[in-house]
Amino acid sequence: MLKIKNLHASVDGKEILRGINLEVKAGEVHAIMGPNGSGKSTLASVIAGKEEFEVTEGSIELYGEDLEDISPEERAHKGVFLSFQYPVEIPGVSVTNFMKTAINESRKAKGLEDMPAKEMLKLIREKSELLEIDRKFLSRSLNEGFSGGEKKRNEIFQMAMLEPKVAILDETDSGLDIDALRIVANGVNKLKSKDNAVILITHYQRLLEYIVPDFVHVLHNGKIVKSGGKELALELEDKGYDWLKQEATV
Amino acid sequence: MAFENNVDVEHPVHDVRTAAIKNFEEKGFPSKKEEAWKYTSLNSLQKIDFSIFPKEENTLEYKDVKRYFIHEIDSYKIVFIDGIYSSYLSETTHDGVDICLMSSALTKPMYKQIIDVYFNKIASKDESLTSLNTAFSREGAYIYIPKNKMPKKPIEILHFSTGNEASLMLQPRNLVVVEENAEVQIIERHQSLTKNEVLTNAVTEIYAAKSAIVDFYKIQNDAATASLIDNTYIDQKDKSVVKVHTFSFGGKLTRNNLNFYQNGEYIDSTMKGVTILGEKQHVDHHTLVHHIEPNCESHQDYKGIYGDSSTGVFNGKIIVDKLAQKTNAFQQNNNILISDKASINTKPQLEIFADDVKCSHGCTIGQLDEEAMFYLRSRGIPEKEARALLMYAFANNVLSSVRIPELKARINKLIAKKLGVNLGFDL
Numbered sequence: 001m002l003k004i005k006n007l008h009a010s011v012d013g014k015e016i017l018r019g020i021n022l023e024v025k026a027g028e029v030h031a032i033m034g035p036n037g038s039g040k041s042t043l044a045s046v047i048a049g050k051e052e053f054e055v056t057e058g059s060i061e062l063y064g065e066d067l068e069d070i071s072p073e074e075r076a077h078k079g080v081f082l083s084f085q086y087p088v089e090i091p092g093v094s095v096t097n098f099m100k101t102a103i104n105e106s107r108k109a110k111g112l113e114d115m116p117a118k119e120m121l122k123l124i125r126e127k128s129e130l131l132e133i134d135r136k137f138l139s140r141s142l143n144e145g146f147s148g149g150e151k152k153r154n155e156i157f158q159m160a161m162l163e164p165k166v167a168i169l170d171e172t173d174s175g176l177d178i179d180a181l182r183i184v185a186n187g188v189n190k191l192k193s194k195d196n197a198v199i200l201i202t203h204y205q206r207l208l209e210y211i212v213p214d215f216v217h218v219l220h221n222g223k224i225v226k227s228g229g230k231e232l233a234l235e236l237e238d239k240g241y242d243w244l245k246q247e248a249t250v
Numbered sequence: 001m002a003f004e005n006n007v008d009v010e011h012p013v014h015d016v017r018t019a020a021i022k023n024f025e026e027k028g029f030p031s032k033k034e035e036a037w038k039y040t041s042l043n044s045l046q047k048i049d050f051s052i053f054p055k056e057e058n059t060l061e062y063k064d065v066k067r068y069f070i071h072e073i074d075s076y077k078i079v080f081i082d083g084i085y086s087s088y089l090s091e092t093t094h095d096g097v098d099i100c101l102m103s104s105a106l107t108k109p110m111y112k113q114i115i116d117v118y119f120n121k122i123a124s125k126d127e128s129l130t131s132l133n134t135a136f137s138r139e140g141a142y143i144y145i146p147k148n149k150m151p152k153k154p155i156e157i158l159h160f161s162t163g164n165e166a167s168l169m170l171q172p173r174n175l176v177v178v179e180e181n182a183e184v185q186i187i188e189r190h191q192s193l194t195k196n197e198v199l200t201n202a203v204t205e206i207y208a209a210k211s212a213i214v215d216f217y218k219i220q221n222d223a224a225t226a227s228l229i230d231n232t233y234i235d236q237k238d239k240s241v242v243k244v245h246t247f248s249f250g251g252k253l254t255r256n257n258l259n260f261y262q263n264g265e266y267i268d269s270t271m272k273g274v275t276i277l278g279e280k281q282h283v284d285h286h287t288l289v290h291h292i293e294p295n296c297e298s299h300q301d302y303k304g305i306y307g308d309s310s311t312g313v314f315n316g317k318i319i320v321d322k323l324a325q326k327t328n329a330f331q332q333n334n335n336i337l338i339s340d341k342a343s344i345n346t347k348p349q350l351e352i353f354a355d356d357v358k359c360s361h362g363c364t365i366g367q368l369d370e371e372a373m374f375y376l377r378s379r380g381i382p383e384k385e386a387r388a389l390l391m392y393a394f395a396n397n398v399l400s401s402v403r404i405p406e407l408k409a410r411i412n413k414l415i416a417k418k419l420g421v422n423l424g425f426d427l
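Order-wise, the sequence lines are chains F and X.
If you read the first sequence in full-length UniProt numbering, its first letter stands for residue 1, the second for the next number, and so on.
If you read the second sequence in full-length UniProt numbering, its first letter stands for residue 1, the second for the next number, and so on.
No lab work stands behind these hints: they were computed from the structure.
C-beta: ideal position from N, C-alpha, C; glycine also.
You may find that some hints are simply not true.
Unchecked claim - Here are the in silico distance ranges between beta carbons for each label pair: (1) F:Asp69 / X:Lys417: 45 to 53 Å; (2) F:Asp66 / X:Ser339: 29 to 37 Å; (3) X:Phe353 / F:Lys108: 52 to 60 Å; (4) F:Lys118 / X:Lys147: 48 to 56 Å; (5) X:Ser44 / F:Tyr86: 47 to 55 Å; (6) X:Lys326 / F:Asp242: 58 to 66 Å; (7) F:Arg125 / X:Gly362: 33 to 41 Å; (8) F:Lys136 / X:Glu91: 35 to 43 Å; (9) F:Leu123 / X:Cys363: 25 to 33 Å.
Using the sequences provided together with the hints, build the complete structure.
Right, dumping it as structure tokens:
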């Protein structure tokens with residue numbers, strides 16, 4: 001489904017990703033771990049199409065199509081979703097109106113009519129219940145004054161609404177208390193299916209107790225230095241990253 | 001322009017007018033040499049040979065101008081065509097409140113007492129364009145709300161110009177007196193219906209007595225050949241709340257001189273504005289809040305979006321007198337330039353003589369937040385719509401305090417039209 005081949009990316013001339021290879025198939029959950037500054041968030045942004053980053057080598061393919069010249073919005077229409085590490089506050093636009101716009105723009109891109117208001121409301125109700133989101137919350141300005149946990153829950157709510165094929169969750173666990181983490185993880189698990197895939201970007205093993213990955217990759221210095229099963233995460237939790245860094249430099 | 005020949009010596013406020021014409025003759029039109037007019041030139045307007053009074057009356061059919069009214073709501077309407085009152089298009093009242101004409105207020109004995117107390121009292125006697133209006137204004141809205149009263153519906157003041165003259169200068173004069181604990185909502189709009197040049201030099205005096213509430217909305221979305229110099233003077237007494245919203249979406253040259261004088265304690269003055277310009281339009285917002293007594297507040301929030309070769313000015317002056325302790329004065333002016341050729345000059349001007357005050361001011365000029373753009377686009381919202389959504393959001397703070405829902409909806413539509421998109425929802 002998603003094939004990343006020898007991906008190199010840089011920002012302002014500084015190379016951050018130095019040859020990433022990763023294949024994600026439908027139905028899989030991949031975890032990408034690694035120390036700060038290893039390039040995890042950059043990888044997430046590059047997949048989502050952030051124009052600030054320049055892909056200098058390699059490619060990202062979704063269902064065999066090279067995403068190189070595809071805009072962020074078109075990637076979203078094709079099923080890419082990024083849950084932001086730091087969701088942007090947009091005062092003046094309510095969560096509901098934002099979702100209506102996002103959904104109808106995606107439909108428009110697919111040549112569909114706007115979703116009827118009734119259907120939209122039903123969908124919003126359904127998905128907000130899934131993430132135990134209060135009604136009042138939906139009429140608030142997008143992310144404005146939200147707590148860290150509310151922002152992350154709102155990201156997963158958006159994912160639930162948009163039903164992406166590949167969801168990249170960038171540090172969705174950071175800033176969450178244990179209850180919020182459980183709700184968010186539960187939401188992601190319910191959205192998982194054999195037709196979609198999830199890429200979890202995280203520092204800690206904690207999230208992986210709730211969303212169990214099929215594969216764990218360790219990113220260091222812009223490269224995947226080790227891949228394994230879910231037990232690799234436990235090993236990292238135990239030993240930290242230093243042994244991998246040494247291994248990588250050898 | 002020869003104004004002298006048109007002085008009406010029989011006029012009831014003749015002395016006031018004589019003094020005003022003298023002041024104008026001495027000073028003439030303000031020039032760019034004056035600090036307050038540094039970024040707004042009236043030169044090109046002065047070259048036009050404006051008619052001061054139209055030679056003949058013109059009429060309009062309601063169906064042709066319907067769209068300029070907030071017609072969804074029931075409202076009192078005071079309508080002028082080329083400066084002349086149109087009783088046909090208007091709906092005035094004397095039922096408990098007076099919503100009628102300046103010309104009757106100035107001539108009928110029953111209004112004399114009010115006129116003596118209020119007419120030309122807060123308006124500047126020094127500012128030449130205000131003097132010009134004082135000398136030559138013939139007509140305008142007269143609104144008097146007695147103690148504890150509130151008109152049943154909002155008041156719309158509409159000025160249409162029909163292009164009856166090749167170029168026309170209008171001098172409307174409004175007087176709004178809101179007595180103790182009374183309330184009023186007013187919407188004012190100037191609208192040119194042709195390509196002929198129009199210059200409107202308007203003066204509005206607003207007096208808000210103790211605990212009075214006044215909402216004044218100015219809609220400025222005029223034709224490319226219409227210019228407006230809008231001079232508003234507001235006198236507030238204890239605990240009164242006055243809000244002026246200015247929506248500037250069009251016109252050739254617009255200058256807003258908005259002046260608040262806080263003559264009492266626990267007063268709240270609010271000035272909000274949304275400016276969305278394109279082409280070669282020019283809008284200049286000059287605000288003044290004079291904090292004279294203690295324990296008062298003022299809030300200013302102006303948002304501007306400038307495209308094409310449009311230009312904007314924001315000059316916000318706050319004076320806090322030595323006596324005006326515990327003043328809270330806030331001022332915010334945020335601007336987005338969406339074209340390389342557009343420009344904005346923004347300047348806060350604070351003169352604070354009291355030591356126990358809270359004053360904050362901030363002005364920003366920027367482009368749209370790229371991180372926010374990426375966030376919206378990553379959710380499938382195309383670039384153009386994302387931009388529009390962010391601009392909408394940017395203007396939204398100002399709309400949230402609009403208390404007439406129909407007006408809010410109208411402004412929303414105007415903003416959408418200005419930004420060239422339809423988002424399919426109201427903010």
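Here is how each hint holds up against the structure:
1. Checked against the hint of 45 to 53 Å, the C-beta distance between aspartate 69 of chain F and lysine 417 of chain X comes to roughly 33 Å, which is inconsistent with it.
2. With their beta carbons about 34 Å apart, aspartate 66 of chain F and serine 339 of chain X fall inside the hinted range of 29 to 37 Å.
3. Taking 52 to 60 Å as the suggested C-beta distance range, the pair phenylalanine 353 of chain X and lysine 108 of chain F conforms, at roughly 58 Å.
4. A hinted range of 48 to 56 Å holds for the C-beta pair lysine 118 of chain F and lysine 147 of chain X, which are about 49 Å apart.
5. Range check, serine 44 of chain X to tyrosine 86 of chain F: Cβ separation about 49 Å, and the 47 to 55 Å hint holds.
6. A C-beta distance of roughly 59 Å is found between lysine 326 of chain X and aspartate 242 of chain F, which places it inside the suggested range of 58 to 66 Å.
7. Taking the beta carbon of each, arginine 125 of chain F and glycine 362 of chain X are about 40 Å apart, inside 33 to 41 Å as hinted.
8. Between lysine 136 of chain F and glutamate 91 of chain X the CB atoms are about 41 Å apart, so this pair conforms to the stated range of 35 to 43 Å.
9. At about 42 Å, the beta-carbon gap between leucine 123 of chain F and cysteine 363 of chain X misses the expected band of 25 to 33 Å.
Hints 1, 9, counting from the list given before, are not met by this structure.
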